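K.L.:
Since the structure of chain A is already known, use the hints to place chain B on it.
Listed below are the residues making up each chain.
Protein chains: 2
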Amino acid sequence: MNLLGNTPARVHINDVAVRDGFQSETAFVPTEDKIRLIDRLSRTGLAKIEVTSFVSPKAIPNLRDAEEVMRRIERRPGVVYVALVPNERGCERAIACGVDEINLVMSIGETHNLANMRMTCAQSLEQFRRVMALTRGSPLRVNGTVATAFGCPFDGDQPKERVLWAVGQYLSMGMHSVTLADTTGMAHPQQVAEVSRAVLQAYPGLPLTLHFHNTRGMGLANALAGLSEGVVSYDASLGGIGGCPYAPGATGNICTEDLVHMFESCGVDTGVDLDALLGCARDLPAIVGHEVPGQVLRAGKRTELHARPAAA
Amino acid sequence: MNLLGNTPARVHINDVAVRDGFQSETAFVPTEDKIRLIDRLSRTGLAKIEVTSFVSPKAIPNLRDAEEVMRRIERRPGVVYVALVPNERGCERAIACGVDEINLVMSIGETHNLANMRMTCAQSLEQFRRVMALTRGSPLRVNGTVATAFGCPFDGDQPKERVLWAVGQYLSMGMHSVTLADTTGMAHPQQVAEVSRAVLQAYPGLPLTLHFHNTRGMGLANALAGLSEGVVSYDASLGGIGGCPYAPGATGNICTEDLVHMFESCGVDTGVDLDALLGCARDLPAIVGHEVPGQVLRAGKRTELHARPAAA
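Note that the protein sequences, when read in sequence, are chains A and B. Quick note, the first sequence lines up with residues 88 to 399 if you use the working numbering. Quick note, the second sequence lines up with residues 88 to 399 if you use the working numbering.
None of these hints come from the bench; they were simulated from the model. In this text, all values refer to a predicted model and were calculated from it rather than measured experimentally. Keep in mind that the hints are not guaranteed to be accurate.
Said to hold, decoys possible - Sample of chain B residues with no beta-carbon within 10 Å of chain A, all distances over it, derived:
| id | residue |
| --- | --- |
| 1 | Ala134 |
| 2 | Glu213 |
| 3 | Leu221 |
| 4 | Arg223 |
| 5 | Ser264 |
| 6 | Ala289 |
| 7 | Ala312 |
| 8 | Gln382 |
To be verified - Quick list of simulated restraints, FRET-style, between CB atoms:
| id | chain 1 | residue 1 | chain 2 | residue 2 | range |
| --- | --- | --- | --- | --- | --- |
| 9 | B | Asp360 | A | Arg385 | 30 to 36 Å |
| 10 | A | Arg130 | B | Pro117 | 53 to 59 Å |
| 11 | B | Pro164 | A | Gly354 | 44 to 50 Å |
Ideal Cβ placement from N, Cα and C applies to all residues, glycine included.
Isolated chain A (complex conformation):
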């Protein structure tokens, strides 16, 4: 092949369920439930947890308890606690709460950025520069997300050069790491391989994360394609909850436990205790009040054998 011949032995998994998942829930997820789940996720071996979003409570009512959640969770050493931040005000709130890392998001599809952020890309980048200025002198790390990196639902495929341009813009203003996000589930494995390779060739050593949705069933295949290009960091969402509420027809982050199950099956160390993670996932439907898409939760791990039938 070599599909896995030169793939990394160790990857890092970032869970976005409590931010990206809960923000889409219509019923308010109680603050205590959020804190309890985050504290539990902290003990599974995840590299990062995207805790909340410092947005207007009017825009995303379910995350109106951002400060309280951020302040009351147990900050486990070795885990990076991330908050999404849309603007300077959000950045100030994040700094006040002592988050480890903020995540700034721009869609490189202009139409999607306008629809989602109400800004042109140029305006987003201007705002990012003002946010970066606020972070100077603080220990805060900044991750820049290139949304619709694998296609915009309005504008279609984005040239590789535009992804490279966005990454270059992010790095030149001092961001520490970059996420390429398949915001509406348009990525396919060939494209993931090509874009990941181009980005890592242009920016060797870049801490690069891939963020996939399973909208068209290709989520784990895309992660495999990223792995085969040496990408060592992946976003996923416990139970597969969440997605992009602004993108028509878009559903479904890839599921963290399904991703960990695939990687670990392939012999790739995720650092995550899959049983502990499945325990968290098992309690998720009770928290959100509905079934979740995760499949390993339903079918069990591939190593969980069944009792032999009496007849056999």
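P.N.:
Showing chain B alone in chain A's frame:
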């Protein structure tokens, strides 16, 4: 990578929905509906269609119309019409109906074979030899399926050597082609790559098909792993219906239109008209009386863009 560096430019897709899917339906699918769907699938560019199973109507009531379906479908040149056959009687019925190819199935997990076929592997192979004797002198082609090739739900992982042994047994008795089936969704991409490579190295030029389930979310990732090893033939099921009714917790063949969508997106020619296939899938819920798991059906093709919002 090279994930897709040395992958085939053209693959062949075999649909198993009308056999593997319909056999699991509790409500009888009317014969006219079966024939109409098969005739429609015949015009999409599929390489093979697994039409029915010549089993006892008591064992699988939904396929009790095997002869009628097989005789009344339009036999389109270039499409191979396959029937599953469990024994000599089934083979005689298949020959009488003029099927192009029969499919013989043995699980290499002894416990699964006992539970599923009520035979030891040795007994299955003996029966296959008797079936092969019946086919001599006829134009009938024979495909041998190695079920539980990527793990048995009772006995666990199967050694690569056991897969190679089964393939060797099949070929030595004159079978024309082999399918490795992940009967209960235990396969993972690393394993698929390793096993496919071992089989193709041991039997160069073997017409090899891979059959995956999406039980643990890895179905399309496994197909990608097979592709990266040069495997050019894949089973899948329209709408993702069907699975193995005898395996506890097992659900879900991979979905034909989702597989075709992924391969075609990656630039791999499937020969299939995806829009025509999606048309067939769209009418499937009305035929089986319930929703089907296919995701592209729900989300649309990745190239189907949305109208720009008025605000943007």
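K.L.:
Could you run down the list of hints and mark each one as holding or not?
P.N.:
Cross-check of the supplied hints:
1. Ala134: Holds: least Cβ distance 21 Å, greater than 10 Å.
2. Glu213: 19 Å, holds
3. Leu221: At about 28 Å from chain A, Leu221 of chain B clears the 10 Å cut-off, so the statement holds.
4. Arg223: 33 Å, holds
5. Ser264: It holds; Ser264 of chain B is separated from chain A by about 22 Å at its closest Cβ, greater than 10 Å.
6. Ala289: 17 Å, holds
7. Ala312: 5 Å, violated
8. Gln382: 4 Å, violated
9. B:Asp360 - A:Arg385: 30 to 36 Å: The hint (30 to 36 Å, Cβ to Cβ) holds, given that Asp360 of chain B and Arg385 of chain A are roughly 33 Å apart.
10. A:Arg130 - B:Pro117: 53 to 59 Å: 54 Å, holds
11. B:Pro164 - A:Gly354: 44 to 50 Å: For Gly354 of chain A against Pro164 of chain B, whose Cβ atoms are near 46 Å apart, the range 44 to 50 Å holds.
The structure fails hints 7, 8 (numbered hints given earlier, in ascending order).
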